[in-house]
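Chains A and B, in that order, are what the protein sequence lines are.
Residue numbering for the first sequence is 1 to 100, as defined by the working numbering.
Residue numbering for the second sequence is 1 to 493, as defined by the working numbering.
Calculated pairs, EDC-like style, for lysine to aspartate or glutamate (alpha carbon to alpha carbon, straight line, at most 16 Å):
(1) Lys70(B) to Glu254(B)
(2) Lys72(A) to Glu104(B)
(3) Lys362(B) to Glu22(A)
(4) Lys64(B) to Asp17(B)
(5) Lys5(A) to Glu30(A)
(6) Lys241(B) to Asp70(A)
(7) Lys241(B) to Asp64(A)
The set of hints was computed from the structure by calculation and includes no laboratory data.
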Amino acid sequence: MSVDKATVAKIASLARIKMGDEELERMVPELNNILEWVEQLGEVDVSGVEPMTAVIENHLRLRDDVVDADPKTAGGRREDVLANAPAAEHGFFGVPKVIE
Amino acid sequence: MTDLTNLGVKDIRDGVDSGEFTAREVAEAFNAAVAEAASLNAFIVTTPDHALAAADAVDAKRAKGDDLGKMGGVPIGMKDLFATKGVQTTAASHILEGFNPQYESTVSQNLWDAGAGMLGKLNLDQFAMGSSNETSYFGNVNSPWRKAGSNAAMSPGGSSGGSSSAVAARIAPAATGTDTGGSIRQPAAFTGICGIKPTYGRCSRWGVVAFASSLDQAGPMAHTVEDCAIMLEAMAGFDPKDATSLKMDVPAWEAGLSADLKGKRIGIPKEYRMDGTDEEILKSWEQGKEWLRDAGAEIVDVSLPHTKYALPAYYIVAPAEASSNLARYDGVRYGLRDLPDGAGLQDMYAATRAEGFGDEVKRRILIGTYVLSAGFYDAYYNQAQKVRTLVSRDFAEAFAQCDAILAPTTPTASFPLGSLNDDPLTMYLNDVFAVPASLAGLPAMSVPATVNADGLPLGLQIVGKPFDEQGVLNAGLAIQQRARFDAKPEKWW
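Just chain A, with the same shape it has in the complex (with noise of 0.2 Å):
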């Protein structure tokens, strides 16, 4: 499989990541080089293969019920939370105007 123009387009807009004329036509020999090169993988031999999920067996904790049991990711941190905020505004985050 391989990409063009449009496709390089749509991804990046997926992605959230504004590209120009130039710049979507540079990416689209460098991803269709990389997909050229995973193609291989399709060589492999998987039936019977389950994805992996875990790469070191490990069991899934639950912590216990308690309210902000760990003061570092407690509750009650709006300064902290905000500190680095580009645009904070009265205890919020500001963002531009999204409903006309």
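Model the placement of chain B on the given structure of chain A, informed by the hints.
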């Protein structure tokens, strides 16, 4: 007094403990070495005050007769992928430039708790995506090494290239690295130092900027196997804040070190004899077998039949996870925002990400988005995850016949910066020997073996069974004691 910057982790820790010198003297010596070495571009920011404050705390503890900790008095470099409270954390990207974490990553906190201090935040490939340290927004990192008779700037490897450069240049006695598909081992091999990636889950990923979460693991980079054992002990440990953290005690790796390999079997995977592998690398591999045999090990042939498919599988799985992980950079909660005049929310996302990500990061996000998109998920992503199962199964079968595997770390020595930039694929092939162990989550280490005809270091890789860092470190120690690698880059910086 000896030049303190010649010392590694163990010698510094023991010297501070015995009172031969103070932690402050060590921190001052390394701070000065860092300040002199700006031309390496190994650090994005330096934090001399952090190193001094940690050193003073250790000296004060010693005056009181308190325990100094596993890393007491050792100043280290911190890869700029670990969130450090109050110190800019960028992942070498423009999109996180100026990001000032309000919290400390578990691994860095563990190191500070063990008595280490921070010399600064180390440069890397942007979001750890690269094998040469040429994708950083903050410029390439230079290796301290140069080819004999040449002044061409050489690659320190990647993505932990600031770490490898700083340790090799002895402006830091040790540094943290992270390894997703070779990012600790390949730069360690390129610069003549040691580096170990532990079993997936040993080191907490909490507070580490995510690239590919099912692969990312932190580990130490240092001059010796002993130094790596000490530092890994300080970094590792169960963390409830990371869902994939291993709930296991951290073994006493330093105390368990032994270069006596009697009764151990070391496997040589025949599929690692690939076309295009440098003759001198193959020679060093042969030499490595001799060294391990001399240490008492039996050398056995093993087969890892799916080796060839590991790299292409990695280049589907890792970008897929990256495309998902990097969706968080949206210009809303932290980092860069690019808001063109009159733009709406969607335009802002797209403009911010176009401005904030470098070319290699964009390429991988696009590949990842494509292989996860409707209609292609089964053909690419699911197939890659099935191949990953087979790669992992290969190792499990090989480990029925051997205790550890010996292989080269890289197919070539370091190369000049800029020489592999024309085609992303040639760059990817650098990690061909490193990626299989990553896909299987296994502990793996690179140890310097020798220098090639150009005077550049070559590394040997040991891959171990899950949770058997001790076996990996011990085989590494056996190589270290026999290789007696003592080449140093000539100072030009």
